[in-house]
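Dock chain B against the given chain A, drawing on the hints supplied.
So you can see what is in the structure, the chains are spelled out below.
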Amino acid sequence: MEQLLTKLKTIEPKQEFKARSRMLVLSAPQTSLGSKIFRQFLGTVQFSAAFGLAAIFLFIMLNGSSMLNPGIPSAGALSSLDPEQLTEEANNLDIQIRLSQAEYYDSSAVKIEVALKETSDELRNSKNREEKLNQLLNELTL
Amino acid sequence: MTRDSYEIYYPVIRSIMLEGEKTHIKQAKRGSKEAFGLLYDYYLPKIYRFVFLKVSNQAETEDLVHEVFLSAWQNMYNYRDEGYPFSSWLYQIAKNAVIDFYRTSKKHLQIENVDEELVKINALYPENLDTQLELEKLKKIIQLLKPDYQDVLIMKFVEDLSHQEIAATLNKSEGAVRLIQHRALKELKSLYGTTTHEA
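These protein sequence lines are chains A and B, in that order. Under this note's numbering, think of the first position of the first sequence as 1, with each following residue one higher. Under this note's numbering, think of the first position of the second sequence as 1, with each following residue one higher.
It is worth saying that the hints were derived from the structure and are not from the lab. Among the clues, some could well be false.
What the hints assert, rightly or not - Every beta carbon over 12 angstroms from chain A, so not counted as near; a handful from chain B, in silico:
id : residue
1  : Asp81
2  : Tyr102
3  : Asp160
4  : Gln164
5  : Arg178
Stated by the list, open to error - Simulated pairs of lysine-lysine, PhoX-like, Cα-Cα distance not exceeding 25 angstroms:
id : chain 1 : residue 1 : chain 2 : residue 2
6  : A       : Lys14     : B       : Lys33
7  : B       : Lys137    : A       : Lys9
8  : B       : Lys146    : B       : Lys22
9  : A       : Lys7      : B       : Lys189
10 : B       : Lys189    : B       : Lys172
11 : B       : Lys146    : B       : Lys172
12 : A       : Lys117    : A       : Lys127
13 : B       : Lys186    : A       : Lys14
14 : B       : Lys95     : A       : Lys7
15 : B       : Lys46     : B       : Lys29
16 : B       : Lys46     : A       : Lys7
17 : A       : Lys18     : B       : Lys29
18 : A       : Lys9      : B       : Lys95
19 : A       : Lys18     : B       : Lys33
20 : B       : Lys139    : B       : Lys186
21 : B       : Lys172    : B       : Lys46
22 : B       : Lys95     : B       : Lys22
23 : B       : Lys172    : B       : Lys137
24 : A       : Lys9      : B       : Lys29
25 : B       : Lys26     : A       : Lys7
26 : A       : Lys7      : B       : Lys139
27 : B       : Lys146    : B       : Lys46
28 : B       : Lys33     : A       : Lys7
29 : B       : Lys186    : A       : Lys18
30 : B       : Lys139    : B       : Lys26
31 : B       : Lys186    : B       : Lys137
32 : B       : Lys137    : A       : Lys14
Claimed, not checked - Simulated restraints, written as ranges between beta carbons of each label pair:
id : chain 1 : residue 1 : chain 2 : residue 2 : range
33 : A       : Ser48     : B       : Arg80     : 28 to 34 angstroms
34 : B       : Arg103    : A       : Glu2      : 39 to 45 angstroms
35 : B       : Lys29     : A       : Ala49     : 33 to 39 angstroms
36 : A       : Thr6      : B       : Asn96     : 25 to 31 angstroms
37 : B       : Asp130    : A       : Leu24     : 36 to 42 angstroms
38 : B       : Lys29     : A       : Phe47     : 27 to 33 angstroms
39 : B       : Asp130    : A       : Glu16     : 38 to 44 angstroms
C-beta atoms are modelled at their ideal positions from N, C-alpha and C, and glycine is treated no differently.
Bound-form chain A, shown alone (with noise of 0.2 angstroms):
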């Protein structure tokens, strides 16, 4: 049996395919380990760009905007609206920004007499600086 199989040497490959094989093989460009760690790397955040675009992604699918800004009405609580309350809602609005504009031009008025005040003072104080200094340099150059 042992010889039989040792007759299985003689089995060789085409010389065409030899040929063929051997040209294509040694013409394909031969990768070295740089540039196998940089194709991994690539992999890699090629990986991680598709993983963060898909969780940006559901992460506003999920109404996730609505949660980080409040101001910002989820699709889900949009759909869950009533109309006629809103209606509603946005009469009572129209009065509610009235007295809140009075009550702001009431507190801001005296707010901006002080200001003011403040702005005349430091104006003077500066016309008093600029006459002191003009003084000074009249007495150094005279």
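Relative to the frame of chain A, chain B by itself:
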């Protein structure tokens, strides 16, 4: 050369060859196409036979062998000389290629699928019809053995690798290789006898 003198001189010849081979490997790792070309010329028949005896179709064998050498050329930087011949590394690539081939193609070997090979073996023994038929039958039976049995029988009797080299290639101990060889031969003889009686 008789079998005895072959066994005496083979290790010496082999060590001289390995020294030259190391130089070629170093050059090939640096990108020398000429050096890899020499390694290709030397190992192509061996890898071809190894793959050919494990897959039935010649076209598939050629594709797989091409893949093996392309992979070896492109990944030369991965090869580390750990005292074993370059062939161990190539056989490992070839072994994995054959495993992948069967895994992806979902093919299962059956004795009737092996007939295409007859042409090639016939061409090698045109003068002796008995030998042709015997080899054809042997090839079919080898393909029915377990992958480990096939590997050991091909490496030991067709490629004349030492037990140490086979052990390194298959990642097994020398003792395990000897045991597999014994069992593989026993099973091969048994299957060969069975098919002869059936015929």
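Violated constraints from the hint list, given by number and in increasing order: Going through the list in order, the structure violates hints 3, 8, 13, 23, 24, 25, 28, 29, 30, 34, 39 and respects the others.
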